[in-house]
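Visitor: The lines below spell out each chain.
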Amino acid sequence: MRMISLLAKSRLRHYRSRTALTMSAVFLASLMLQGIFVSALGVLDANKQMIQEGDWHVRLSGLTWEQMEMLRGHLEVETLTFTVTAGEVEYGRLNGYLTWSENVRDDRTDSVRAADAPDSEDTGVSSFVEGRLPRTADEISGPADFFERLGAEAEIGAQVTVPFRANGADGLGRIQERTFTICGLEPSIDVEELGIAETRVAYGAEVSEAFVREILPEQEILYTASVRLCGEEESGYEEMVERIKALAETLGVSKDDMFINESYLYMTLTPPMDAIMVVAFLALLVVVFSMMIIYSIYYVNIISDIQEIGRLKMLGASDRQIRVLFLREGSFTSLIAVPAGILAGTLIPCFALPSILDWVMQYNVISGAELDRPDMFSAPLTLFAAAVMFLAVFLALRKPVRIAAEVSPVTAVRFEETGGTKKNRRGFSQMSTGRLCLANLSRSRRRTLVTLMAMGLSFSLFMGMAGVLSSITPQDMADRKLNGAQFRIALDYEIVDRVYPENSLNHVQMQRLLGKDTVSQIEAMDGVEQVRKIGFMLARVEDAPEGNDLYYDGDTARVGWFRKDQMELFGEDLYLGDPDYDKMAAENGVILMGGEYMYQRAELPIGSTVHLTFYDGNREIPFTGKIMACADYGDAPDGQFLITEDTFRRLNVETDPTTSLFVDLKGSKLEPGYERRYEEIKEKLSALVGQQERLYLVSLDEELYISDMSVAVIRYPCYALLALIVFISLFSMINTMAVSITARKRELGMLQAVGLSQRQLVRMLSGEGIFYAVGALAIAFTVGNGLGLRLFRWAEENGFMSVSAYHYPFAETAALCAVMLVIQLVIVLVVKKNVKKESLTDRIRSGE
Amino acid sequence: MDTILETKDLCRYYGADPQLVKAVDHVSIRIEQGEFVTVVGKSGSGKSTLLHLLGGLDYPTSGEILMEGRNIAAYGREEMAAYRRRKIGFVFQAYNLIPSLNVWENVVLPIGLDGRKADEAYVEEILCAIGMEKKKRSLPNTLSGGQQQRCAIARALAAKPAIILADEPTGNLDSRTGDEVMSLLKTTAKKYGQTLVVITHNEEIAQTADRTLTIEDGKVVV
Ligand SMILES: Nc1ncnc2c1ncn2[C@@H]1O[C@H](COP(=O)(O)OP(=O)(O)O)[C@@H](O)[C@H]1O
Ligand SMILES: [Mg+2]
Chain F
54 MRMISLLAKS RLRHYRSRTA LTMSAVFLAS LMLQGIFVSA LGVLDANKQM
104 IQEGDWHVRL SGLTWEQMEM LRGHLEVETL TFTVTAGEVE YGRLNGYLTW
154 SENVRDDRTD SVRAADAPDS EDTGVSSFVE GRLPRTADEI SGPADFFERL
204 GAEAEIGAQV TVPFRANGAD GLGRIQERTF TICGLEPSID VEELGIAETR
254 VAYGAEVSEA FVREILPEQE ILYTASVRLC GEEESGYEEM VERIKALAET
304 LGVSKDDMFI NESYLYMTLT PPMDAIMVVA FLALLVVVFS MMIIYSIYYV
354 NIISDIQEIG RLKMLGASDR QIRVLFLREG SFTSLIAVPA GILAGTLIPC
404 FALPSILDWV MQYNVISGAE LDRPDMFSAP LTLFAAAVMF LAVFLALRKP
454 VRIAAEVSPV TAVRFEETGG TKKNRRGFSQ MSTGRLCLAN LSRSRRRTLV
504 TLMAMGLSFS LFMGMAGVLS SITPQDMADR KLNGAQFRIA LDYEIVDRVY
554 PENSLNHVQM QRLLGKDTVS QIEAMDGVEQ VRKIGFMLAR VEDAPEGNDL
604 YYDGDTARVG WFRKDQMELF GEDLYLGDPD YDKMAAENGV ILMGGEYMYQ
654 RAELPIGSTV HLTFYDGNRE IPFTGKIMAC ADYGDAPDGQ FLITEDTFRR
704 LNVETDPTTS LFVDLKGSKL EPGYERRYEE IKEKLSALVG QQERLYLVSL
754 DEELYISDMS VAVIRYPCYA LLALIVFISL FSMINTMAVS ITARKRELGM
804 LQAVGLSQRQ LVRMLSGEGI FYAVGALAIA FTVGNGLGLR LFRWAEENGF
854 MSVSAYHYPF AETAALCAVM LVIQLVIVLV VKKNVKKESL TDRIRSGE
Chain H
55 MDTILETKDL CRYYGADPQL VKAVDHVSIR IEQGEFVTVV GKSGSGKSTL
105 LHLLGGLDYP TSGEILMEGR NIAAYGREEM AAYRRRKIGF VFQAYNLIPS
155 LNVWENVVLP IGLDGRKADE AYVEEILCAI GMEKKKRSLP NTLSGGQQQR
205 CAIARALAAK PAIILADEPT GNLDSRTGDE VMSLLKTTAK KYGQTLVVIT
255 HNEEIAQTAD RTLTIEDGKV VV
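Keeping their order, the protein sequence lines are chains F and H. With positions in the first sequence counted from 1, the corresponding number in this note's numbering is that position plus 53. With positions in the second sequence counted from 1, the corresponding number in this note's numbering is that position plus 54.
You may find that some hints are simply not true.
Simulated pairs of lysine-lysine, DSSO-like, Cα-Cα distance not exceeding 30 Å [unchecked claim]: (1) F:K798 / H:K190; (2) H:K62 / F:K890; (3) F:K569 / F:K722.
The hints are simulated quantities; they were obtained by calculation from the structure and are not laboratory data. Every value quoted in this text rests on a predicted model; they were computed, and no experiment measured them.
Given the sequences, and given the hints that come with them, work out the whole structure.
Guide: Structural data, given as structure tokens:
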């Protein structure tokens with residue numbers, strides 16, 4: 054057997070380029086597999102960090118000082134942090150809060166704490182660029198831009214005046230002002246870079262206990278405590294939830310004031326099935342495809358070695374020795390390629406992922422949270438990946454090795470690759486280069502087929518996935534938010550605001566901000582095609598179920614309406630009933646929205662009567678309707694209850710129910726001057742919106758920018774993976790062609806002797822490449838595109854990335870064709886060089 | 055008789071000074087139209103090299119090769135390929151058939167490569183002449199050595215070349231089959247008026263030739 058190992062090694066060295074090719078394929082496959090595992094772990098960990106907003110188990114709000122004291126001494130508590138939201142900043146459209154937070158207790162050992170939050174050497178409440186938390190009543194700390202937007206200088210020691218409403222037991226109080234000294238600065242949130250409106254950013258500024266006690270009487274200070282219970286590691290999800298509920302009960306905290314950090318508990322205590330499925334699917338994809346490609350490479354190599362194998366057998370090698378020879382070659386190859394691939398697959402994501410995540414986070418996280426370096430390495434998983442790759446190589450080798458073992462020694466003297474049983478060939482009566490090329494391809498049909506299938510299937514996978522991926526478009530996502538318009542002007546309101554009722558929707562609607570005047574003003578703008586409205590009314594649901602969480606404040610619901618021509622929008626969303634517009638209009642019909650969830654909780658079966666009292670500004674309009682159907686939310690107009698437009702008209706509402714205006718521009722994006730017009734209109738609309746504190750503008754370009762990000766996060770990793778699979782499959786073709794050139798050395802010389810010119814030779818050899826390229830592309834564009842359409846349907850049904858319209862992947866098609874074209878050119882060049890390198894007489898003599 | 059092929063001071067050297075091999079050294083010969091010439095000499099004396107030069111498979115280090123008065127040594131690669139497929143028919147020791155093509159396709163290959171249409175009646179005739187008319191569709195690996203070599207001869211004849219160059223065509227065959235092949239080569243060449251140059255170790259064959267060239271260390275000895 055030592056002899057066999059020696060032979061295997063010398064063969065690997067002798068067929069250097071072939072060995073390199075096989076190794077690269079195994080290397081890349083291992084890289085992909087490990088890359089998937091490592092990236093998945095990293096993303097999961099980052100997600101955990103993002104979702105958890107801390108590793109607390111439960112947040113109890115509305116706690117009194119006594120309850121806080123109980124928590125402080127409670128045996129089950131491991132960590133305890135509290136926040137008091139002392140006031141809400143009232144300054145134009147600035148969204149801000151004044152909070153007092155403190156870490157009360159942390160029983161974890163230092164090492165655990167350090168592992169969980171390696172960077173937070175400070176309080177763990179805030180991360181400072183400079184300074185510290187406030188200590189006296191007139192100190193404040195917070196993000197620098199928060200102070201800047203309040204008109205102050207963002208510097209330690211600078212003065213800032215903050216108008217705010219104290220957050221008392223009965224909701225927000227009167228507006229008051231207070232001047233603070235800045236004592237700590239947190240990282241700014243770069244609104245410019247986010248590309249979103251400033252109004253969407255919420256700031257939190259820290260104040261001191263002393264200040265809180267000044268503005269709120271003792272009994273009105275309500276604490277929100279974040280609690281971590283001991284023994285997380287030993288408990289299951291269900292058990293933890295039970296313990297949390299028990300704790301809340303002993304404290305006397307009501308259900309409404311208890312917020313269990315389910316996403317964190319779920320993440321940490323249950324295996325993330327969805328993610329595991331996705332990762333398993335991707336890993337399987339990679340393994341199956343790399344196995345297929347490695348198989349094709351080995352298969353082709355062994356077939357071209359048949360004469361040599363025959364010679365070995367003639368010399369007395371047994372079947373078993375031949376099998377061992379090739380298996381040993383395979384294991385030498387993988388012993389180098391798999392660990393190298395695993396290493397690269399660990400290192401690349403380790404370096405690339407954090408910066409990619411950072412880039413993604415910029416656009417997703419408004420609070421400016423920073424990610425710790427995600428934990429991405431897992432030794433068992435790495436070993437698993439390596440084992441899987443070794444197994445994959447072994448499985449891919451099985452069949453080719455069996456073929457090798459069964460080679461008969463006669464082939465040494467009389468060799469005809471495969472198809473040895475074939476005696477005749479129909480053939481052509483005239484010959485040409487093209488036919489010569491075809492004859493060569495058909496000589497080893499299995500070799501050709503294996504190569505073509507390996508390429509065709511990988512290409513199909515690429516095109517198939519591209520079908521879905523290209524259908525995820527920022528344009529579609531933005532269109533959905535903007536209803537296909539270019540701009541949306543929306544009302545800024547609260548559904549219900551008890552202290553400042555003028556913020557409540559029904560009061561905002563009284564101002565008719567989006568009424569006829571505004572609409573005609575916009576319609577008069579040059580380049581505006583039309584303005585569309587949507588809106589809804591608020592209504593009190595009489596006799597709503599006690600303690601329900603279906604309506605705002607337990608009884609206020611959104612009521613919308615639809616036109617007759619919008620009936621079809623319900624489509625498949627209908628859950629129960631078969632509404633008829635005219636019947637509904639005649640009998641005050643109501644469609645209950647929210648599907649099964651709503652239907653089971655609202656206590657409003659089909660045919661029952663519902664009493665709604667519409668809030669029309671200060672007026673109230675009673676209404677009695679009949680539930681005629683129940684539907685899921687979908688394309689239908691907004692509202693928890695929907696009535697017909699005719700019914701709505703009869704209500705004679707005085708206020709303007711519009712909540713949003715959608716502005717469509719004339720002409721298409723491609724027209725010259727469109728962009729300028731868009732900018733002009735955007736400016737005018739901004740000016741219009743700027744006059745009104747209660748309006749805000751959403752524009753297509755900003756929405757597109759945001760959607761772009763979320764699409765990129767899905768799309769680019771997928772394409773990277775697919776590109777690698779396609780790339781490896783090219784190895785299969787290159788290998789086959791290389792083999793077909795080297796194995797036929799003398800034959801090619803002979804062809805040249807009978808008059809094949811060099812140009813013809815190159816044309817013949819690259820003809821084989823073109824055959825594979827065209828064949829694989831043909832498979833990709835039939836099977837692959839079919840698969841793409843299927844996958845798209847599936848994605849559409851399952852609401853994956855809210856795809857809705859199939860977009861043919863033109864760019865991907867072009868890219869694939871372009872890659873193949875480049876590969877062809879490279880092949881021609883390499884073949885040319887190869888043909889020139891060796892003289893004709895050498896080729897002819899090689900047979901003697 | 056017309057001179058069809060002539061060499062003037064033809065040299066083909068391999069390697070550089072200390073190990074310089076003069077495989078063909080100042081060879082000046084003439085071959086007449088329709089002649090049957092055999093080339094004899096020890097192994098390594100340069101016979102194959104000379105034949106490769108005559109057939110345009112290789113370029114000389116110096117000297118001229120005149121085919122019907124034109125110096126082919128000055129041809130470019132493409133021209134040389136065309137020269138081979140139009141003027142020369144090769145028969146080698148190893149049969150050198152293309153394994154993926156059947157007998158018929160192997161025979162018409164040089165014509166097809168020249169972008170011409172094979173004269174199918176003529177090809178049939180040749181196949182009859184060599185006794186392979188029943189094996190047209192067979193793949194080379196199913197043929198015996200003699201059959202393969204006959205097929206190679208048919209291929210050499212098919213393009214109606216001016217000269218047939220054969221390098222030890224019977225070297226792999228037993229003596230009876232070798233005789234058969236050789237006589238076939240001679241009769242067909244005569245029949246179609248082709249010039250025949252054959253390298254051989256076989257004394258009998260050499261004796262049947264119109265003329266014999268003896269080569270020693272790259273030189274023609276008289
Ligand atoms: N490619 C080559 N490189 C170096 N020497 C060569 C090469 N081809 C042939 N020779 C040498 O040229 C001489 C003549 O060879 P060859 O023509 O094959 O002889 P023959 O056919 O008479 O046996 C030999 O000494 C051989 O070693
Ligand atoms: Mg020789």
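Visitor: Please go over all the hints and tell whether each is borne out by the structure.
Guide: Hints, one by one, checked against the model:
no.	hint	result
1	F:K798 / H:K190	holds, 25 Å
2	H:K62 / F:K890	holds, 29 Å
3	F:K569 / F:K722	holds, 28 Å
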